[in-house]
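First to last, the sequence lines map onto chains A and B.
Take the first sequence: its letters are residues 3 to 618, numbered as in the working numbering.
Take the second sequence: its letters are residues 144 to 450, numbered as in the working numbering.
Calculated directly from the structure, the hints in this document are not laboratory data.
Owing to the predicted nature of the structure, the values given are computational and were not obtained by experimental measurement.
Backbone N, C-alpha and C define an ideal beta-carbon position, used for all residues, glycine too.
Please note that a few of the clues may not be correct.
[As the list claims (entries may be wrong)] Per the computed footprint, the stretches of chain A lying under chain B, defined by three or more beta-carbons under 8 Å from a beta-carbon of chain B, are:
1) 79-91
2) 190-200
[Claimed, not checked] The following residues of chain A were derived to be distant from chain B, with all beta-carbon distances above 12 Å:
3) Val234
4) Gly542
5) Asp580
[To be verified] Label pairs and their computed distance ranges (CB to CB):
6) Arg176/B x Asp537/A: 14 to 24 Å
7) Asp357/A x Ala422/B: 30 to 40 Å
8) Glu296/A x Ala422/B: 38 to 48 Å
9) Ala422/B x Pro202/A: 33 to 43 Å
10) Asp168/A x Arg309/B: 45 to 55 Å
11) Ser180/A x Val365/B: 38 to 48 Å
12) Ala558/A x His238/B: 55 to 65 Å
13) Arg242/A x Gly303/B: 52 to 62 Å
14) Glu234/B x Arg242/A: 44 to 54 Å
15) Asp537/A x Gly303/B: 26 to 36 Å
16) Glu234/B x Thr431/A: 35 to 45 Å
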Amino acid sequence: MDGARELLRFLTCGSVDDGKSTLIGRLLYDSQLIFEDTLATLAKDSRKHGTTGEEIDLALLVDGLEAERQQGITIDVAYRFFATPRRSFIVADTPGHEQYTRNMATGASSASLAVILIDARKGVLTQTRRHSYICSLMGIRDIVVAVNKIDLVGFDEGSFDRIVGDYATFAAGLGFRSIVPIPISARFGDNVTSRSGNTPWYHGPALIEHLETVDVSQDLSARPFRFPVQWVNRPNLDFRGFAGTVASGRIAPGDQVVVAASGKSTRVARIVTADGDLAAAEAGQAVTLTLDDEVDVARGDVLSTSADRPQVADQFAGHLLWMDEEAMLPGRSYMMRIGNVWTPCSVTSIRHRVDVNTLEEHAARRLSLNEIGFCNFSAGQPVPLDPYADNRATGAFILVDRFTNRTAGAGMVAFPLRRASNIHHEHFTVDKAARAALLGNAPLVLWFTGLSGSGKSTIANIVEQALHRAGRPTYTLDGDNVRHGLCRDLGFTAEDRVENIRRVGEVAKLFVDAGMIVLCSFISPFRAERRMVRDLLGPGEFVEVFVDTTIEACMARDPKGLYAKAQAGQIKNFTGIDSPYEAPEAPELRIGTEGRTPGECAEEILAALRARGIAC
Amino acid sequence: MTSIERKSRLTPHLARLEAESIGIIREVAASFRRPVMLYSIGKDSGVMLHLALKAFAPGKPPFPLMHIDTTWKFREMIAFRDAMAKHVGMELLVHTNPEGIARGINPIDSGSALHTQVMKTEALKQALDKWGFDAAFGGARRDEEKSRAKERIFSFRGPGHSWDPRAQRPELWNLFNTRIREGESIRVFPLSNWTEYDVWDYVLAEDIPVVPLYFAKRRPVVKRSGTWIMVDDDRLPLNPGETPEMRMVRFRTLGCYPLSGAVESEAATLPDIIAEMRAAKTSERQGRLIDTDEEASMEKKKREGYF
């Protein structure tokens, strides 16, 4: 057994040419984790793909997927394992090109130290700045600057000192706790596992020596207690436990705890594990707590001490790193996961975008793949959170695309926004139900979506007339009309289309709250925004009407001459021409218009309303 | 035994791995409609099952175990499997690909590649569909093989159980993205960050039962392709002049017996095994005949749905 052997998770940053894969191969090779059969494969591969002539190409030990071996690049995060008698290591091997910022961030999210490679011949480059900034952003505080290929500058002390000086100057503002520069040759092993005779002027540790001994403890157990409830364990009526991993701090039976969201307070009764009850638990331990009182606690809740609680907010500011091919648009609704809570969330504004190469701040209206912005966020419900700098577990979040379910963004809470805590919902006695009853109406939104010229407004107009004749209170929000007033400041870019629908959705919600039937006639090309409006309303209050007319038919009709202009290039961002239309996947009503009169189409909608109990 | 004494048996490293894995297992129970734990009877499965039992104590894991039976497992494995399921009191589902049986697919005549494809990969997909599982635990580790090093802990599978390396989701912190649509599923690897050393250290520290085949014993074997194949029953055809001989051997990995190579060894106890492993010069997969078929073969198998 290895006694108290610890684990260090670190990442390596560098581009292909910096020798990153070679360094990791060297670490595995020198720590004797390469087995004979692996070596035999390696020798075979070196002749086939290698770049080192007759020698074994250590980089091939780690370039895993077939596709990237053929391309000679590393396109994903790989996790490598090696151990020395003093420590176990997990290395996140991440690609260094700018287009792989997301991979680097992924690797950094679980690491507590970064090894930044610099080519001794090239010195501090733009990419070095980028790597360092991302490490800093992701909360890494301890850095090793591995000045590689020192053999290729003749083991020159002056070159090394110059690079170290340059790095120290620029990294001064990045908040690192330690920066340890080491001259190495990954290919030949100098200063990797043991100090090299080729650099007599270097008196510091070899890389492995440093990794074995560096103190990267964050002492999470000394921080305020946070216990995100992961699972409620109810095996029988007599046991109700809250399972989770202690994110920070420590806890003991008898300690008072507070449910962050509700403010309800109770005491810890027992700390249950399969190996028996514990007298205390601290950061990192997966346990099950039982509480003294039957307080309401569910997955997603965070338990803390009463003295030092997380903030509870639905509006906050933070950094966002965008990871999806499809750009982030302010106002668009994503699913956010923070702690164990899933809730809708959107960016309300981008305060600035950070250029990862220069660290300059720029104005931005969207975030594209691999871009980083400082943003304001609005969540669907108040959530317990801490600044990321104080607590990674309660300050980190991801945003997920609501349609593809891809992990689209990685966020770090900076601070809650005050308006979240100061603006409360007032509750009035006369509510939606009361107003609807007075009007004798069942309020809802009829949301007409479809291409320009599909017949949305024409059909909506007929439907509204019929409802009006039947004594139903109605109001129509029309795409063209709102752009003369409510949305006159908006254009037709994807960003503005999102904001347009967000405003219309909020207005429609107010009319529904007033007890009315609202007819909305908008191209509304993106599923995400239609979904957002649906989520604003109660169950059954959003009736999506897909006016399904082919683009060919719309172009043939072209009532406003817009298609002709768009095709002539006179109108930009025209839906169906140079801007996409995402057809509804499961609309409440799909109305085909071709070969039918508008009246027939309207009658189909009215019939559906009657089926819902609306007399018309 | 008091909790303090027991706790002290785990190194900080193992305690940390254990806590991480328990967190992952609980996450699946909390996030999926119908999870299942793939139980392949080997040491990794044993550790995974042990972690699951710990994760939900004092209750039982809220999911069944499932074994894909190729009908060519060692007899001792099957006996061990049934005894374990009974011992832990969890439901055990067993599935064998009936079409494979009907076609007479076997590792000897069909070759290892086809046998694995039909009796393991296809069988697994059938079983997942049959019971409608949306999440399946597997005991794979990232240190096993190069293409595994990039595998996610929550590995996304599209319709038809397809694995597309480019569709894998970035995994940041421990904020797993558990959202899937109908027809999609997730394979979950709670032992991703464990190494072979960790697994054996943990088996020893926690006193986890393992199949006796891991321990050296005199067994009837024949030499094939430079490795020892055990004659576990009379289905293994002997070449002319070939006679089984009794040798002290053990297995580092277990699978279908005609495809699992034994190593000569005197290691008859857990400490012996660990000592032998630390001195070993070959990787554990070396005894698995399926990996050597072609370069990057694991990546190809995964694309097809292999675990």
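Legend entry - Numbers of unmet hints, in rising order: 2, 3, 7, 8, 10, 11, 13, 14, 16
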